[in-house]
Amino acid sequence: MISLLRSEWAKFRSVRGWMIGIILAPLVTIGFGALTGSASQCGYMYPGPDGQMISGPCTAPKGPGGELVQDQFYFVHQTLTGSGSITVRMTGLTSSDLQPWAKSGIIIKAYAVPGSAYAAMMLTGAHGARFEWNYVDDVAGLPGSAPRWLRLTRTGDAVTGYDSADGAHWTEVGTGTLAGLPSSVQVGMFAATPGVRQTVRAGDAAVNATGTFGNVSLTGNVRGGWKGTTVSPPPGPPPAQDGGPSTGFQQTATGFTVTGIGDIAPDLPGTGGGLSTPISRTLDGTFAGLIVVIVLGAIYITAEYRRGMIRTTFAATPARGRVVVAKAVVLGAVTFVAAAIGCALAIPIASHELRAGGNVITPLSTVTYLRVAAGTALVFAGAAILGLALGALFRRGVAAVTTGIVVVVVPYFLAVASPGLPTTLSDWLMRVFPAAALAVQQTVPVYPQVSDTYQAFEGFFPLTALAGFAVLTAWAAGALWLATWQLKRADA
Amino acid sequence: MSAFLRAEWTKARTLAGTFWLLAGAVAATLPLSVAVAAGQNCPPSGCATDPAKLSLTGLYLGQTVVAVLGVLAISGEYAADMNIVTFAAMPKRARVLGAKAAVLAALVLPAAVVSVLASLVFGAAMLPGRGFTPSHGFVSLSLGSATMLRVAVGSMLYLALIGLLSLGIATVVRDAAVAIGLVLALLFVFPILVAFIHNAPLQRHLEQIAPMLAGMAVQETVNVASQPLGPWAGLGVLALWAAGALLLGCFVLVRRDA
Numbered sequence: 002m003i004s005l006l007r008s009e010w011a012k013f014r015s016v017r018g019w020m021i022g023i024i025l026a027p028l029v030t031i032g033f034g035a036l037t038g039s040a041s042q043c044g045y046m047y048p049g050p051d052g053q054m055i056s057g058p059c060t061a062p063k064g065p066g067g068e069l070v071q072d073q074f075y076f077v078h079q080t081l082t083g084s085g086s087i088t089v090r091m092t093g094l095t096s097s098d099l100q101p102w103a104k105s106g107i108i109i110k111a112y113a114v115p116g117s118a119y120a121a122m123m124l125t126g127a128h129g130a131r132f133e134w135n136y137v138d139d140v141a142g143l144p145g146s147a148p149r150w151l152r153l154t155r156t157g158d159a160v161t162g163y164d165s166a167d168g169a170h171w172t173e174v175g176t177g178t179l180a181g182l183p184s185s186v187q188v189g190m191f192a193a194t195p196g197v198r199q200t201v202r203a204g205d206a207a208v209n210a211t212g213t214f215g216n217v218s219l220t221g222n223v224r225g226g227w228k229g230t231t232v233s234p235p236p237g238p239p240p241a242q243d244g245g246p247s248t249g250f251q252q253t254a255t256g257f258t259v260t261g262i263g264d265i266a267p268d269l270p271g272t273g274g275g276l277s278t279p280i281s282r283t284l285d286g287t288f289a290g291l292i293v294v295i296v297l298g299a300i301y302i303t304a305e306y307r308r309g310m311i312r313t314t315f316a317a318t319p320a321r322g323r324v325v326v327a328k329a330v331v332l333g334a335v336t337f338v339a340a341a342i343g344c345a346l347a348i349p350i351a352s353h354e355l356r357a358g359g360n361v362i363t364p365l366s367t368v369t370y371l372r373v374a375a376g377t378a379l380v381f382a383g384a385a386i387l388g389l390a391l392g393a394l395f396r397r398g399v400a401a402v403t404t405g406i407v408v409v410v411v412p413y414f415l416a417v418a419s420p421g422l423p424t425t426l427s428d429w430l431m432r433v434f435p436a437a438a439l440a441v442q443q444t445v446p447v448y449p450q451v452s453d454t455y456q457a458f459e460g461f462f463p464l465t466a467l468a469g470f471a472v473l474t475a476w477a478a479g480a481l482w483l484a485t486w487q488l489k490r491a492d493a
Numbered sequence: 005m006s007a008f009l010r011a012e013w014t015k016a017r018t019l020a021g022t023f024w025l026l027a028g029a030v031a032a033t034l035p036l037s038v039a040v041a042a043g044q045n046c047p048p049s050g051c052a053t054d055p056a057k058l059s060l061t062g063l064y065l066g067q068t069v070v071a072v073l074g075v076l077a078i079s080g081e082y083a084a085d086m087n088i089v090t091f092a093a094m095p096k097r098a099r100v101l102g103a104k105a106a107v108l109a110a111l112v113l114p115a116a117v118v119s120v121l122a123s124l125v126f127g128a129a130m131l132p133g134r135g136f137t138p139s140h141g142f143v144s145l146s147l148g149s150a151t152m153l154r155v156a157v158g159s160m161l162y163l164a165l166i167g168l169l170s171l172g173i174a175t176v177v178r179d180a181a182v183a184i185g186l187v188l189a190l191l192f193v194f195p196i197l198v199a200f201i202h203n204a205p206l207q208r209h210l211e212q213i214a215p216m217l218a219g220m221a222v223q224e225t226v227n228v229a230s231q232p233l234g235p236w237a238g239l240g241v242l243a244l245w246a247a248g249a250l251l252l253g254c255f256v257l258v259r260r261d262a
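Here the protein sequences come in this chain order: H and W. Just so you know, the first sequence maps onto residues 2 to 493 in this note's numbering. Just so you know, the second sequence maps onto residues 5 to 262 in this note's numbering.
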């Protein structure tokens with residue numbers, strides 16, 4: 002087998018066009034990634050000191066876990082030092098267009114600053130009472146809607162949420178440990194709601210939501226009196242006089258009404274308020290590169306058929322299946338190395354271009370960076386082997402390349418770039434076809450507490466990276482098996 | 005010229021693959037068109053998609069088969085060394101290419117007529133029941149209207165032009181596998197990039213020059229005036245791509261050894 006591998010490698014490296022192809026694949030991947038990265042801009046306009054409009058880059062605060070978060074809401078708060086609690090009776094959650102994850106309730110937050118640690122008990126538009134903390138954690142409480150009693154107690158770093166239907170019988174919903182919570186925290190009531198989704202890619206229309214509170218009681222060392230604050234990263238919500246929905250609070254004889262917009266949640270690509278750019282965007286060029294390696298894989302064997310070289314090859318090694326496997330090993334290894342270098346470079350280059358355009362990129366640890374680069378390189382290797390197998394099966398370059406591209410690239414094209422494709426169909430395409438393996442580029446998990454379309458377009462894939470890679474492997478291995486089976490039966 | 009045409013017609017007609025590829029173009033188009041139309045649900049609040057384009061989604065797939073036909077029209081000869089015979093018999097190579105283009109268009113058009121008309125008929129049958137009605141501001145999908153006639157004829161011409169573009173590229177590149185790879189990359193990479201670029205002016209420029217996106221402008225029925233290109237201007241861009249590829253192919257063909 003070693004000599005077989007060596008002879009196949011000798012063939013590969015001695016054909017100039019193939020060496021050009023294997024260098025071209027990572028280059029187009031880097032090139033297109035850098036191109037889309039440098040062309041994409043994210044920013045907003047705000048009035049400068051002399052009244053001129055200045056553009057600023059997009060910003061998304063980081064939560065305590067290091068992830069990008071949305072943290073925009075209206076906050077009515079006082080300062081609590083040490084242990085204490087807040088209890089309210091929520092009598093209503095209303096909105097001109099009530100969103101399923103509109104939220105209003107009580108919150109204990111380290112500072113009235115976006116991205117700071119918090120724990121909150123809330124009522125939602127359609128998901129009942131919830132206990133949420135530090136942006137990513139979410140526990141369901143009582144189902145149904147107002148009126149509900151909510152309570153938060155703070156002891157040290159731990160905040161525990163309770164709910165009750167009658168104010169007498171309380172149930173503990175959950176406890177969040179907020180590491181490093183300062184001794185003095187902000188405690189109070191809040192309201193927020195995500196915008197209304199208009200079309201899949203046209204952003205959201207802002208609406209507000211109003212929570213109505215009665216029987217507000219605080220325990221512990223509380224001071225300062227009630228104060229209203231719009232918590233928001235810059236540039237903040239559009240002011241009401243500019244057509245934005247109003248926000249604020251009112252103290253009534255029986256309690257409070259608090260009106261806010263925004264959301265307290267992980268910042269996900271594709272949500273209306275989400276500003277972050279997924280890492281997969283740095284590898285936008287993957288598809289151009291995949292086309293190159295599919296062509297390369299196909300002609301690595303069809304060229305032998307066309308030149309009659311295959312008869313010499315099979316005369317030298319009568320075990321034809323082994324020849325195809327040796328070719329697959331050589332091609333897969335060479336493609337993996339070239340693509341790994343390409344992806345390892347494309348990610349930082351395109352990230353740099355994206356940041357220069359004001360985009361906020363999902364944070365990337367070294368482990369994730371290596372996983373995405375190596376995983377994408379494996380996808381390249383798999384696609385090249387699929388091209389090779391199709392070449393061995395059809396013996397015609399055109400048929401092999403077309404089938405390869407139709408199977409690998411066209412489903413992805415349909416899922417991300419074909420307007421109006423039903424989501425069930427695009428979801429199904431990304432489960433069945435080899436592009437499912439690009440799930441390895443997904444670095445942000447799906448959060449049930451965030452309404453999002455979770456489409457491949459935004460870097461979300463229906464399968465896990467492993468399952469997706471299994472799909473690609475099944476295609477490549479299946480085609481390889483068919484090819485060797487047919488090779489043994491047919492004349493060379 | 006008629007001798008050239010007759011020769012090319014005989015070659016195309018007698019190849020076993022030709023018929024199957026034409027049938028394949030129809031077979032690749034219809035199921036996707038029908039699946040996409042069947043999966044639509046435009047709520048009363050409206051939706052941003054174009055019912056004419058939706059009905060013709062299958063063309064994204066069908067055009068790949070037409071591209072294969074275009075590539076094989078010339079590279080099939082190179083693979084079989086038939087080109088030596090052809091050019092020995094007919095030394096006017098530019099005319100050979102012209103005859104190939106004419107025969108290819110004549111072969112693709114009937115398949116295009118079937119694919120496009122059947123897709124539109126299915127669309128017209130299914131989409132109005134799924135919210136795409138004139139009362140929601142959409143055009144009537146019946147083929148009688150001038151708009152839908154433009155969509156239908158334009159889409160048929162679109163497929164023929166994709167065939168010619170492929171023929172031109174394959175003439176330049178000779179190697180069939182590389183040629184089809186180039187054609188499909190040219191068609192599909194632009195739209196994927198456009199989907200990912202968050203930059204409206206650049207997106208618009210790319211939509212104006214990309215062969216697939218510009219050519220499919222001929223199918224627009226919603227907000228036609230605000231599209232990057234008018235319907236016929238869009239098809240014109242694709243025609244320029246095809247003409248450019250054929251001219252380059254012609255130039256290379258005349259200069260190069262057979």
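Note that these hints are calculated values from the structure, not bench results. Just to be clear, a hint being listed does not mean it is correct.
Unchecked claim - Simulated DEER-style distance windows between Cβ atoms:
hint, chain 1, residue 1, chain 2, residue 2, range
1, H, F315, W, D85, 53 to 59 angstroms
2, W, R17, H, P319, 38 to 44 angstroms
3, W, A39, H, R490, 55 to 61 angstroms
4, H, G157, W, H209, 55 to 61 angstroms
5, W, L244, H, M2, 49 to 55 angstroms
6, H, A334, W, N227, 37 to 43 angstroms
7, W, L121, H, W429, 51 to 57 angstroms
8, W, H209, H, A357, 17 to 23 angstroms
9, H, P423, W, P95, 52 to 58 angstroms
10, H, V114, W, P48, 49 to 55 angstroms
11, W, P35, H, G479, 17 to 23 angstroms
12, H, G479, W, L147, 57 to 63 angstroms
Built from N, CA and C at the ideal position, the CB exists for glycine as well.
Check: Do the beta carbons of W/R17 and H/P319 sit within 38 to 44 angstroms of each other?
Finding: Holds: the Cβ-Cβ distance is about 41 angstroms, inside 38 to 44 angstroms.
Next item on the list: Given the hint of 55 to 61 angstroms, check if W/A39 and H/R490 actually sit that far apart at their C-beta atoms.
Entry: About 35 angstroms separates the Cβ atoms of W/A39 and H/R490, which means 55 to 61 angstroms is violated.
Margin query: Range first: 57 to 63 angstroms. Now tell me if the beta carbons of H/G479 and W/L147 are that far apart.
Written below: violated, 42 angstroms
Next item on the list: Evaluate the given range 51 to 57 angstroms for the C-beta pair formed by W/L121 and H/W429.
Entry: The hinted range 51 to 57 angstroms is violated for W/L121 and H/W429, with Cβ atoms some 27 angstroms apart.
Check: Are W/P35 and H/G479 spaced within 17 to 23 angstroms by their CB atoms?
Finding: holds, 22 angstroms
Checklist line | Range agreement (Cβ of W/N227 with Cβ of H/A334, hint 37 to 43 angstroms) | finding: violated, 51 angstroms
Checklist line | Pairwise beta carbon distance, H/V114 to W/P48, judged against the given window 49 to 55 angstroms | finding: violated, 42 angstroms
Next item on the list: Hint says 49 to 55 angstroms; check whether the CB-CB distance for W/L244 and H/M2 agrees.
Entry: At 52 angstroms between Cβs, range holds.
Checklist line | C-beta pair H/G157, W/H209: status relative to the range 55 to 61 angstroms that was hinted | finding: At 58 angstroms between Cβs, range holds.
Margin query: The hint says 53 to 59 angstroms between H/F315 and W/D85; measuring C-beta to C-beta, is that right?
Written below: Hint violated: Cβ distance 23 angstroms, outside 53 to 59 angstroms.
Item checked: Status of the given 17 to 23 angstroms range, CB of H/A357 versus CB of W/H209 -> holds, 20 angstroms
Notebook entry, point to check: How does the Cβ-Cβ distance of H/P423 and W/P95 compare with 52 to 58 angstroms: does it lie in that range?
Noted result: holds, 54 angstroms
Figure legend: structure checked against the earlier numbered hints; hints not met, in rising order: 1, 3, 6, 7, 10, 12.
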